[in-house]
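Place chain R on chain Y using the hints.
Spelled out from the first residue to the last, the chains are:
Number of protein chains: 2
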Amino acid sequence: MDVKFVNPFLSSLLNVLTTMAQLELKPGKPKLKKDEVARGDVSGLIGMVGPQLKGSFSVSFDRSLAFEIMRRMLGETPSSVNEEVTDMVGEITNMVTGGAKRILADDGYDFSMATPVVVSGPAHTITHKNDGAKMMMPFTCEYGEATIEICFEKA
Amino acid sequence: MDVKFVNPFLSSLLNVLTTMAQLELKPGKPKLKKDEVARGDVSGLIGMVGPQLKGSFSVSFDRSLAFEIMRRMLGETPSSVNEEVTDMVGEITNMVTGGAKRILADDGYDFSMATPVVVSGPAHTITHKNDGAKMMMPFTCEYGEATIEICFEKA
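So the sequence lines, in the order shown, correspond to chains Y and R. Numbers 146 to 300, taken from my numbering, label the letters of the first sequence in order. Numbers 146 to 300, taken from my numbering, label the letters of the second sequence in order.
This is chain Y alone, in the form it adopts within the complex (with noise of 0.2 Å):
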């Protein structure tokens, strides 16, 4: 999979963040590996298919870094990943993909969107399975860590 497809998702999930929670985050590097894993306490996870293309993609949240962005969206600390949590994930799993979409238009590949599905549950793991390549581009800030993963093959 071209890096192409990869920096749509980053830059959607910096400029979701900075809108919507004033939030900076800063990118890692990307990772092709393909034993590396990405671990969180929360993720969102949108299936993708297109004339072209089909694939997933996947955020994960650490639980520190998902409520500060509760807390700078909605004004209020959350004590658990409750159901106001996993909305907020979904509908940035939702943002971040339709913004990459938008992006990837323009370059001549179109998808539609499933509807995300969101997991919680401690360090949990997220294994994309896909015949392309997995990318994996990791952020921080002081207040944890996120990850993103996007996967593509040919449909």
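No lab work stands behind these hints: they were computed from the structure. You can trust all of the hints, since none of them are fake.
Note that identical chains are pooled: a pair holds if it fits in a single copy or bridges any two copies.
Taking lysine to any residue pairs in the SDA-like style, the calculated list, with each CA pair at most 20 Å apart, reads:
| hint | residue 1 | residue 2 |
| --- | --- | --- |
| 1 | 299 | 195 |
| 2 | 299 | 250 |
| 3 | 179 | 225 |
| 4 | 299 | 240 |
| 5 | 299 | 148 |
The following block gives chain R in isolation, referenced to the frame of chain Y:
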């Protein structure tokens, strides 16, 4: 969401596990309740997109049940939720959704499947974020429990 969308996934799961692992699961009562969450140790998720519908499907297994399916399919008993186990769960997710897709196509409902994502982590929960109703169906056998969830909304 109509129960007609659930039965194809239900019968497809039973069929896949009987065929691949000679394992008979006993279906429990389908549930529509919004506040129930599926809990499992390893789950497969997949997005679906069609002209009339979009949504998501998940199947969650207790670790003990996933290990027994591995033992029956591949003749080996894993000691952890390793890559072979997540590969198997991803493959089951693909096969169950593919089987349901063929049945639903006969009823005039077409959709394309994204690629599966597998989540592992003790007793994680899955929440489908979707405007449609969520159908949940538990299954039991002597080795543990499985739960499927199906969620569709108008595209």
